[in-house]
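Residue numbers (the numbering used here), protein chains in the order written: chain A, 1 to 226; chain B, 1001 to 1309.
These aren't lab readings, by the way, just hints derived from the structure by calculation. Warning: the hint list may mix true and false statements.
[Claimed, not checked] Using C-beta positions, here's what the derived DEER-type ranges look like:
#, chain 1, residue 1, chain 2, residue 2, range
1, B, V1176, A, D196, 22 to 30 Å
2, B, I1293, A, Y28, 44 to 52 Å
3, B, G1299, A, A129, 51 to 59 Å
4, A, G184, B, Q1218, 31 to 39 Å
5, B, Q1084, A, R69, 31 to 39 Å
6, B, K1301, A, A64, 51 to 59 Å
7, A, G72, B, G1151, 35 to 43 Å
8, B, K1155, A, D196, 16 to 24 Å
9, A, N176, B, A1069, 27 to 35 Å
10, B, I1293, A, F202, 31 to 39 Å
11, A, G161, B, Q1084, 39 to 47 Å
Just so you know, these numbers come straight off a predicted model, no measurement behind them. A virtual CB, placed ideally from N, CA and C, is assigned to each residue, including glycine.
Listed here are the chains, written in short residue letters.
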Amino acid sequence: MKKLKLRITNLVFATTVFLVVIMTFGLYLKRAERGNPHHDRADVRGLLQVANDDKVESDDKAFAVVVHRPAGPPRVALAGVDPQGRRGEVACSTCHSVRKANLENKTTDTLNEFHEGLVVNHGKLACYACHNPDDSDSLRLADGTNVAYQDVMTLCSQCHGQQATAFAHGAHGGMNGHWDLTRGPQMKNNCVDCHDPHSPSFPSMIVDFKPKDRFNAPAEHDQEGQ
Amino acid sequence: MAEQKPSLPVVENFSRRAAVKGAFATLGAGAFVAAVSPLRQAAKNSTAAEFMQQHYQELTAEQKAEVIARLEEEAKENYGVDVQIADDRPIPNTKFVYAINLSVCNGNGKCVEACHKENNHDRDTNQSYIRVLEMPKGTMDMEQGSTTYSGAVPKDDKFYLPVQCQQCDEPPCVDVCPVKATWKEEDGIVVVDYNWCIGCRYCEAACPYHARRFNWKQPTVPPEDVNPDQSYLSNRIRPVGVVEKCTFCLHRTRRGKLPACLEACPTGARVFGNILDPDSSIRWILNHKRVYILKEELGTKPAFFYYFD
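Okay, chain B solo, but in the shape it has when bound (with noise of 0.2 Å):
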């Protein structure tokens, strides 16, 4: 009779087996849910147009005001600000140099702040693009700074070289990235499609001067604290994941400003401009002063100067 009539296999017709079965099913069932949990959570973080969302430089421009436009509502949405994100463009004729008058900074670490504030760094890690460096007297041996110290600055044993990335002409950091997430535009600034970098990290490995900083967690920042005058290759919020740098305050220096760690300076030791420009104050420096380079044996050409009185 049990034959003529198919019925439900446990419940009606229960054996070790169905049990068995039973079990491993559920069990099965269970571990694939596991196992695409990740994935359900990325659909939760990212909309189907972030995720179809081109690289930077093949973006046309009602391409590029979506994105913005999208980026400026999850802004909203995630830290209840209202931000503007502009996208700066390289100035014709210009080539960005920094200098740093090492006979002058003492180490107070207001630039470290300043680009903290402007850019923003995560409050919980006070990240920053720069780190100064507390130096023996007689080297320029990177390997023996110190970034721990405190008190009242100068020591007097002690320089300080405040590093930050230094926009090379030959960038190790560019060569190594994978899916060329990362670049160098012509007024000679690095830049990073926060949108598309895979979060690798080769490109901080790469980099001999430790400028690259990687996004361990979504940064926080307060409402009131958030800088709302952004770029979308420079300071908007990035997102978890991916790696950043200093881009010589791109969305402040393409208008015509000076970066932000440099108004920060009390003691005037730093000094920005266009290289191309024979009147500027780069230039002079270049031509009159003892500049250096950090570790010039590597050949990545840096854009970056310093100099002693």
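Bound conformation, chain A alone (with noise of 0.2 Å):
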């Protein structure tokens, strides 16, 4: 009977010191995290907060994206050289200003003084669809407003939307520099740069490097094989 009580009490002892631990050491725990929030546990909340921090940063980050901007509106080289052997170029208004445009025209074939020879094939747009009639050193948009030739950009952009989009994410037109802004500058090429406005299809271009790889000569194994 007396064994069996000293039983009993030894395990109500031995409950209570085991709560008691476990009550610290939970306590402990929490304290702990509460301290640290990149707490291993917190893994997933404390990469979210991580990336919401980042994002607080890309308003004010160390550096910008930069767009390549065409020098300005093209100026237009003259046939020949003056007597002291000196060429020139004039802006376009020399010209347009003093002739009436041709609001319909579309093609060069109708030309037979100037911009002969130029190709021309970017749908069924007509050449006053974005050269400004009023203007000739600016562009203009379909509802009228002016656009400098460097800002050729948002000209490009009324139609081209689905691009434009892609463009202001990234995933049109390439780039250069940095990936991460914090640690430097990353460069963009604007719609000129690589599509001729006149022709804007990509050009084909001519394969030049080759590895000489094993997936590259099975034409010498063939030979040596036979």
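Take each chain as given, in its own frame, and dock them per the hints.
Printed below as a string of structure tokens:
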């Protein structure tokens, strides 16, 4: 009887000690977690936290995405040289301000003084769909707004919205420099760096560099086997 | 008299037996020298320090510095160039992902050339980590592709599939390595310790994308063509007899820059970035484009995506 009593007392004591230890340990863990947000158990939450921090930073990231812009309105080289042997170039408006614009013209075939040989293959657009009849040193949007040649991307984007969206998100047009804008800038092309505005489909290219590995030299092996 | 005075067996006591003994002794010595000659070659080609070098992941900071100093010295000796070998480590909270727009890629191969130059590949073989496959339209089956196309691209009935290391999340090449010379780092890049690799080429056989290359010979690179901007796990000039692979140009990308193949692409088909950044281009593409991966059925989980507009 006494033995049984002793055993029960022992058991109760052990349980109490066990519970106290567990509670202390739990409390300690909780406090550690609160003190250190990057605790292992909070990995996923920590990740989201960091992502959000980055987003805040993205507003004032140290470096910018720089989109290359054309230098300005084109200058037209004059044919021949003056008596001193100098070549000259003029602005578009030099001629176009004194000539009446033909709003319906779509091809250079009808021209016999200037722009001959210019290949135009851009849908069914007329020249003055993009060029500005009132100010030939700038471009014109479909709604009549003037656009400077430097801002040509605004003009392209009014029809090529999908490409413009993709470009804005880095999925079109390529890039150079840094992927990480906290460490350096990123440079991007504009539309007319790669696409000739008069004939915009990307030109075909010639392959020159080829690795000479086993996948590239089946002919040699075949000859050896013969 | 002769018995009391021991003498040289052959010269003073010449007999047929002695002659045969002598002949076989010479032959044996010759055979032994021939047998150990590869060892002598190896001793000539590798220093004691190189032989005793630990696995990259077990090197302490001081040991790393020593190893890198030695490698820079060797590059100077063998290639006549002053190179800087860095030890670029992963950027925290970064997981690199690549995407290629197959609607735009025209197979011109500028990426292949850029990789060749950036990564100090062997000039004799035009080696590169990228292969561009000319594919018949309507399939993503790599076996139907050809790398031997030439002339004007793109051809009307083809599309072009650039293939390089897919930096798989379940890399079969890492699993098969018997000496753990290749492993996946925290930013997703699968790297090789060229000094730990034994050149068994198991990984090359295991890779379903044919992405690994073996150095059959010591790479030859003229001094003026060596890219001196190097990293231990990346584009330092590899020794003969080891396997190498695309590292997403970690000597550039771990310093925030874009990979060389991307910068060289004249069509803008390539996009690279950190998938953990919700504002990155790569995230926008994964969210908005129809994205494919190669050999999905193998379960390799590539960090390399292909998409069409």
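Status of the hints after comparison with the structure:
A C-beta distance of roughly 50 Å is found between V1176/B and D196/A, which places it outside the suggested range of 22 to 30 Å. Distance hint for I1293/B and Y28/A: a CB-CB separation of about 45 Å, consistent with the stated range 44 to 52 Å. Checking the proposed 51 to 59 Å range against G1299/B and A129/A shows it holds: the Cβ atoms sit about 52 Å from each other. The hinted window of 31 to 39 Å between G184/A and Q1218/B holds, with their beta carbons roughly 35 Å apart.
Distance hint check for Q1084/B and R69/A: the Cβ-Cβ separation is about 35 Å, which falls inside the suggested range of 31 to 39 Å. For K1301/B and A64/A, the hinted distance range of 51 to 59 Å is not satisfied, since their beta carbons lie about 34 Å from each other. In this structure the hint that G72/A and G1151/B lie 35 to 43 Å apart at CB holds, the actual value being about 38 Å. K1155/B and D196/A have their C-beta atoms about 21 Å apart, which keeps the hinted 16 to 24 Å range intact.
For the pair N176/A and A1069/B, the supplied restraint of 27 to 35 Å holds, since their beta-carbon distance comes to about 33 Å. For the pair I1293/B and F202/A, the supplied restraint of 31 to 39 Å is violated, since their beta-carbon distance comes to about 26 Å. Checking the proposed 39 to 47 Å range against G161/A and Q1084/B shows it holds: the Cβ atoms sit about 46 Å from each other.
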